[in-house]
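Trainee: Sequence:
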Amino acid sequence: MNERTNLQYAPAPVERFKECLNSHEIKARLKNSLKNNWTQFQTSMLDLYSGDAYLQKCDPMAVALECVKAATLDLPISKSLGFAYVVPYNNVPTFTLGYKGLIQLAQRTGQYRTINADVVYEGEIRGADKLSGMVDLSGERTGDEVVGYFAYFKLINGFEKMIYMTRAEAEKWRDDYSPSAKSKYSPWRTDFDKMALKTCIRRLISKYGIMSVEMQGVMTEEAEPRAAAAAKRAEETVQANANSKVIDIDAAPPAANESPAEAAPQPDF
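For the sequence shown, the numbering used here puts the final residue at 269, and the numbers step up evenly by one.
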């Protein structure tokens, strides 16, 4: 008698993701957010997932739900467009806005006459007005090295503001506030300039600009992991710089004929 062996194969990641896309929950959310254009967004979700081997290591439903966040903001999820991304951090998919997405959300408020952000090359900086915060970038470019980043806006009412960051300042911000900076999948590693531009725009709008309710919600959600990363970094710094000797304040002082114990070596700051 021949025995038939039934081999069960787990569905491939892309097939599992297709099942998620066709689930009632995902379809309902897309239809509610995008009305007649939800099928196009569904296709872009599949393209994103199919072309990213790292996202395929994440839970497919978690990836789909993060993509839906872009749909609720009516922003495309395509990497090449740069409006919004879903990136894996330790196999956990995370939605994040691109700098173009921030500009798009700001423009929708109807309060901005002009809004722009770009890289600054060596030779382009001519000076700065400390009172107004404006930086003169009318100099002639002398090389290909990116030395900084700027963001600028002018409101309908005439108010204008600008922020400039050097590359070193952008690197420090990344190290202090980005929870994923050390990950090889982090956009700070793959698209540093774009992330630096986003940082400039975010700082400019959150401090001086006009934000819609949806912008406030997105910025608050993105700020939470940054605050946690900053707190963790501060704690690590304190621990690294702490004295290695424990002092017992209740201990009795040494007798007159006793020599004090030799102090433990201190870190070289």
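Source of the hints: derived by calculation from the structure; they are not laboratory data. We treat Cβ as the ideally placed atom computed from N, Cα and C, and that holds for glycine. Fair warning: there could be bad hints in the mix.
Stated by the list, open to error - Using 25 Å as the maximum straight-line C-alpha spacing, the simulated BS3-like pairs for lysine-lysine come out as follows:
no.	residue 1	residue 2
1	Lys182	Lys172
2	Lys207	Lys31
3	Lys207	Lys194
4	Lys207	Lys100
5	Lys35	Lys18
6	Lys207	Lys57
7	Lys69	Lys79
8	Lys182	Lys130
9	Lys18	Lys100
10	Lys79	Lys35
11	Lys184	Lys79
12	Lys35	Lys130
13	Lys161	Lys79
14	Lys69	Lys130
15	Lys161	Lys69
16	Lys154	Lys79
17	Lys79	Lys31
18	Lys100	Lys182
19	Lys69	Lys35
What the hints assert, rightly or not - Computed spacing ranges between beta-carbons, pair by pair:
no.	residue 1	residue 2	range
20	Asn32	Lys57	45 to 53 Å
21	Glu222	Gln40	42 to 50 Å
22	Ser132	Lys57	42 to 50 Å
23	Glu145	Lys27	47 to 55 Å
24	Phe192	Arg16	54 to 62 Å
25	Arg16	Gly158	26 to 34 Å
26	Ser78	Asp176	53 to 61 Å
27	Ser206	Ala168	34 to 42 Å
28	Glu25	Ser132	24 to 32 Å
29	Ser50	Gly217	23 to 31 Å
Trainee: With reference to the structure, classify each hint as holding or not holding.
Mentor: Each hint tested on the structure:
At roughly 13 Å between alpha-carbon atoms, Lys182 and Lys172 fall within 25 Å of each other, so this suggested pair holds. Taking the CA atoms of Lys207 and Lys31, the gap is about 34 Å. The hint is violated against a cut of 25 Å. Distance check on the hinted pair: Lys207 and Lys194 sit about 20 Å apart at the alpha-carbon level, within 25 Å; holds. Between the alpha carbons of Lys207 and Lys100 the distance comes to roughly 18 Å, so the proposed pair stays at or under 25 Å and holds.
Simply put, Lys35 and Lys18 have alpha-carbon atoms about 20 Å apart, close enough for the 25 Å limit, and the pair holds. Of the pairs offered as hints, the one joining Lys207 and Lys57 is violated, with about 37 Å between alpha carbons and a cut-off of 25 Å exceeded. At roughly 15 Å between alpha-carbon atoms, Lys69 and Lys79 fall within 25 Å of each other, so this suggested pair holds. With a C-alpha separation of about 34 Å, the suggested pairing of Lys182 with Lys130 is violated against the 25 Å cut-off.
Restraint check: the Cα-Cα separation between Lys18 and Lys100 comes to about 28 Å, which exceeds 25 Å; the hinted pair is violated. Using a Cα cut-off of 25 Å, the hinted pair Lys79 and Lys35 holds, with the two alpha carbons roughly 23 Å apart. For the suggested pair Lys184 and Lys79, the alpha carbons sit about 17 Å apart, so the restraint of at most 25 Å is met. Under the criterion of a C-alpha separation no larger than 25 Å, the hint pairing Lys35 with Lys130 is inconsistent with the structure, at around 48 Å.
Straight-line distance between C-alpha atoms of Lys161 and Lys79 comes to about 29 Å, which puts the hinted pair past the 25 Å bound. Only pairs whose Cα atoms come within 25 Å are accepted, and Lys69 paired with Lys130 is rejected, the gap being roughly 39 Å. Of the pairs offered as hints, the one joining Lys161 and Lys69 is violated, with about 30 Å between alpha carbons and a cut-off of 25 Å exceeded. For the suggested pair Lys154 and Lys79, the alpha carbons sit about 28 Å apart, so the restraint of at most 25 Å is broken.
The suggested pairing of Lys79 with Lys31 holds, with an alpha-carbon distance near 22 Å, which does not exceed 25 Å. Proposed proximity of Lys100 and Lys182 is supported: the alpha carbons are some 24 Å apart, at most 25 Å. Taking the CA atoms of Lys69 and Lys35, the gap is about 15 Å. The hint holds against a cut of 25 Å. For the pair Asn32 and Lys57, the beta carbons lie near 29 Å from each other, so the given range of 45 to 53 Å is not met.
Roughly 26 Å separates the CB atoms of Glu222 and Gln40, a value that falls outside the hinted 42 to 50 Å. Between Ser132 and Lys57 the CB atoms are about 49 Å apart, so this pair conforms to the stated range of 42 to 50 Å. For the hinted restraint 47 to 55 Å between Glu145 and Lys27, the CB-CB distance of approximately 48 Å keeps it satisfied. In this structure the hint that Phe192 and Arg16 lie 54 to 62 Å apart at CB is violated, the actual value being about 33 Å.
A hinted range of 26 to 34 Å for the beta carbons of Arg16 and Gly158 is inconsistent with their spacing of about 53 Å. Between Ser78 and Asp176, the C-beta spacing of about 30 Å breaks the proposed range 53 to 61 Å. A hinted range of 34 to 42 Å is violated for the C-beta pair Ser206 and Ala168, which are about 22 Å apart. Between Glu25 and Ser132 the beta carbons are some 50 Å apart, a value that contradicts the proposed interval 24 to 32 Å.
Distance hint check: the CB atoms of Ser50 and Gly217 are about 30 Å apart, consistent with the given range 23 to 31 Å.
Violated hints for the displayed structure, listed by number in ascending order: 2, 6, 8, 9, 12, 13, 14, 15, 16, 20, 21, 24, 25, 26, 27 and 28.
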